Amino acid sequence: MRIKNTLENYLFVSPAAIIFIIFYVIPFIWVFQLGLYEWDGILPTRSFVGLGNFKEIFFEDKVWWQAMRNAGWITVIALTFQNALAFLLAWACDRQIKAKNFYRLIFFIPPVLSEVVVGLVWQWILDGNYGLLNHWLTNAGFASLARNWLSDPATALNTVAIVHSWKGFGWGFLIFLAGLQTIPRELYEAARVDGANAWDSFRRITIPLMIPVAVLVSILTILGSMQAFILIIAMTDGGPAYHTQVPVLRILASMRGSSRFGYACAQGISFGLILMAVSFIQYRFSRKARDT
Amino acid sequence: MRTIAYYKSKKIAVNLIIHIFLIAVTITCLFPLFWMVSSSLKTQGTIFKDMSLIPKELHFENYVLAWKEGGFGRYFLNSILYTTSVVAGIIIISSLAAYAFSRFKFPGRNILFFMFIAAMMIPIPGSFVPLYVLLNKLHLRNTALGYILCMVNVGLSTSIFLLKTFFDKLPRELEDAARIDGCSKIGIWWHVALPLAKPVLAVVVVFNALNVWNEYVLALIIFDNKNLMPLQRALVMFQGEFLTNYPLLMAGLTITALPIIIIYFMMQKYIVKGVTSGALFG
Numbered sequence: 001m002r003i004k005n006t007l008e009n010y011l012f013v014s015p016a017a018i019i020f021i022i023f024y025v026i027p028f029i030w031v032f033q034l035g036l037y038e039w040d041g042i043l044p045t046r047s048f049v050g051l052g053n054f055k056e057i058f059f060e061d062k063v064w065w066q067a068m069r070n071a072g073w074i075t076v077i078a079l080t081f082q083n084a085l086a087f088l089l090a091w092a093c094d095r096q097i098k099a100k101n102f103y104r105l106i107f108f109i110p111p112v113l114s115e116v117v118v119g120l121v122w123q124w125i126l127d128g129n130y131g132l133l134n135h136w137l138t139n140a141g142f143a144s145l146a147r148n149w150l151s152d153p154a155t156a157l158n159t160v161a162i163v164h165s166w167k168g169f170g171w172g173f174l175i176f177l178a179g180l181q182t183i184p185r186e187l188y189e190a191a192r193v194d195g196a197n198a199w200d201s202f203r204r205i206t207i208p209l210m211i212p213v214a215v216l217v218s219i220l221t222i223l224g225s226m227q228a229f230i231l232i233i234a235m236t237d238g239g240p241a242y243h244t245q246v247p248v249l250r251i252l253a254s255m256r257g258s259s260r261f262g263y264a265c266a267q268g269i270s271f272g273l274i275l276m277a278v279s280f281i282q283y284r285f286s287r288k289a290r291d292t
Numbered sequence: 293m294r295t296i297a298y299y300k301s302k303k304i305a306v307n308l309i310i311h312i313f314l315i316a317v318t319i320t321c322l323f324p325l326f327w328m329v330s331s332s333l334k335t336q337g338t339i340f341k342d343m344s345l346i347p348k349e350l351h352f353e354n355y356v357l358a359w360k361e362g363g364f365g366r367y368f369l370n371s372i373l374y375t376t377s378v379v380a381g382i383i384i385i386s387s388l389a390a391y392a393f394s395r396f397k398f399p400g401r402n403i404l405f406f407m408f409i410a411a412m413m414i415p416i417p418g419s420f421v422p423l424y425v426l427l428n429k430l431h432l433r434n435t436a437l438g439y440i441l442c443m444v445n446v447g448l449s450t451s452i453f454l455l456k457t458f459f460d461k462l463p464r465e466l467e468d469a470a471r472i473d474g475c476s477k478i479g480i481w482w483h484v485a486l487p488l489a490k491p492v493l494a495v496v497v498v499f500n501a502l503n504v505w506n507e508y509v510l511a512l513i514i515f516d517n518k519n520l521m522p523l524q525r526a527l528v529m530f531q532g533e534f535l536t537n538y539p540l541l542m543a544g545l546t547i548t549a550l551p552i553i554i555i556y557f558m559m560q561k562y563i564v565k566g567v568t569s570g571a572l573f574g
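Residue numbers (my numbering), protein chains in the order written: chain A, 1 to 292; chain B, 293 to 574.
It should be emphasised that the hints constitute simulated quantities derived from the structure, not laboratory data.
Because the structure is a prediction, the values reported are computed rather than measured.
Glycine is no exception: its CB is placed at the ideal position from the N, C-alpha and C atoms.
Incorrect hints may have been included.
Each pair of labels, with its calculated beta carbon distance range [unchecked claim]:
(1) A:E186 x B:G479: 21 to 31 angstroms
(2) B:A410 x A:F59: 24 to 34 angstroms
(3) A:T155 x B:L357: 40 to 50 angstroms
(4) A:F59 x B:N307: 52 to 62 angstroms
(5) A:K288 x B:P491: 28 to 38 angstroms
(6) B:G365 x A:K98: 39 to 49 angstroms
Given these sequences and hints, build the entire structure.
Dropping the structure here:
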């Protein structure tokens with residue numbers, strides 16, 4: 001009876017466990033294994049190179065580090081511009097209770113769209129020859145500002161970063177707004193009675209209480225922006241000349257372009273470890289935020 | 293002397309500035325979509341010259357062309373098939389597991405649950421590389437089943453976590469009553485636990501549906517066969533062709549975005565709930 005009972009319990013978890021082991025655990029182990037080999041993904045033989053792939057990533061692969069810098073720059077734009085926008089909008093909506101639901105509905109439209117759709121639509125708007133943006137600039141008398149936004153090395157990365165921020169600010173907005181609404185209104189009332197003006201209560205009440213939320217949003221932004229790549233596939237495919245390459249695109253290129261499966265896995269591990277460090281910080285901070 | 297009128301007008305001015313700011317952002321959110329639809333109604337001949345926001349002639353036949361000749365009809369059905377089967381799979385499999393994790397005791401329970409949570413936290417950016425190798429070995433590459441199983445796995449951890457958290461808070465009286473009435477474990481899960489979990493199941497459904505519908509990279513490495521491709525994969529391929537037919541591409545984009553926007557408008561409540569609860573558990 002007892003054994004039957006236990007077997008029955010396993011029946012509940014076994015579909016999940018089987019899929020998880022086959023499609024998560026096994027690939028997870030293989031990443032670490034394959035990272036030590038040079039293998040083209042087809043031949044039955046593969047040659048063991050130890051940490052050779054990692055050595056190549058860290059000391060020889062200039063494009064990889066350029067990709068890291070690009071992703072870092074996109075993340076910087078997202079952390080500053082995107083999150084400042086998200087916070088300002090949330091703060092404005094928190095005051096304006098009336099139309100709040102309408103704005104909340106609209107601002108989360110870009111996040112629910114796919115990166116492919118967003119990337120292709122913006123690519124069409126930003127097109128150098130036939131794009132609407134250049135058309136408007138020319139008509140408004142700023143013809144000198146019109147350019148090939150996505151194929152000019154000077155603007156490509158920033159343009160991609162701005163579109164990425166456009167797609168992502170809704171997340172931060174929702175989380176900030178939820179955070180702002182947990183601040184008891186009595187605090188503001190009390191501050192006003194004590195003679196504080198709007199700026200004082202913003203600085204002394206809103207900002208300190210929102211710091212844990214801001215930390216959370218920042219870390220989610222870092223994780224999301226460092227790994228962004230589908231938007232880039234849809235807009236520039238890494239061009240012009242590596243100017244919008246990002247790490248995940250490099251992993252994809254190692255695998256599909258140069259058929260170096262081992263090297264692709266090693267890149268994945270190196271990148272994953274950096275992201276894990278960020279995840280760990282997130283875990284620590286959110287624990288701290290919850291405990292206090 | 294600062295009068296009431298002064299404060300009133302100051303308040304109105306502040307509100308005005310705030311509203312202008314909010315409305316400006318609203319326009320930038322909506323305009324690209326508007327331009328997408330507008331472009332989808334022009335022709336390959338006029339689209340590069342006609343910059344009017346609302347074209348003089350509306351070429352709705354682009355949608356028919358995109359659906360039939362562009363192949364978007366098939367891609368659309370593929371996306372529907374993948375989304376519904378993955379979501380159905382996730383609902384059944386994750387709720388079974390989450391219920392067991394919450395209610396039953398069995399050896400290995402904690403370690404297994406811990407593994408699911410760890411999978412949620414550990415990012416493996418290159419996981420599609422070994423997945424490609426694995427699917428090749430299992431002869432599941434270029435098959436709908438291979439894609440569906442991979443996508444079920446993608447949604448599993450978070451769904452189990454959300455459902456287990458819900459079941460943990462759920463009072464057990466109803467289930468106890470059902471057990472006393474002679475209901476089996478599976479029966480209790482299906483007749484008692486699942487109906488009670490409807491609000492969380494809605495969150496799980498919406499998030500996984502959006503996720504599968506919008507997925508690109510696994511579709512990229514799994515499918516070479518055009519007939520099996522979902523919309524996102526087909527769109528990038530269509531755009532990469534030597535001479536892009538922009539009106540058809542825009543019609544394809546509209547066909548892809550519309551179901552998501554409709555679902556979003558209908559289920560917005562659950563999405564807000566998912567984002568705010570999902571984000572705050574850390």
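inquiry  = Of the numbered hints stated earlier in the document, which are not met by this structure?
reply    = Hints 1, 3 are the ones this structure does not satisfy, whereas the remaining hints hold.
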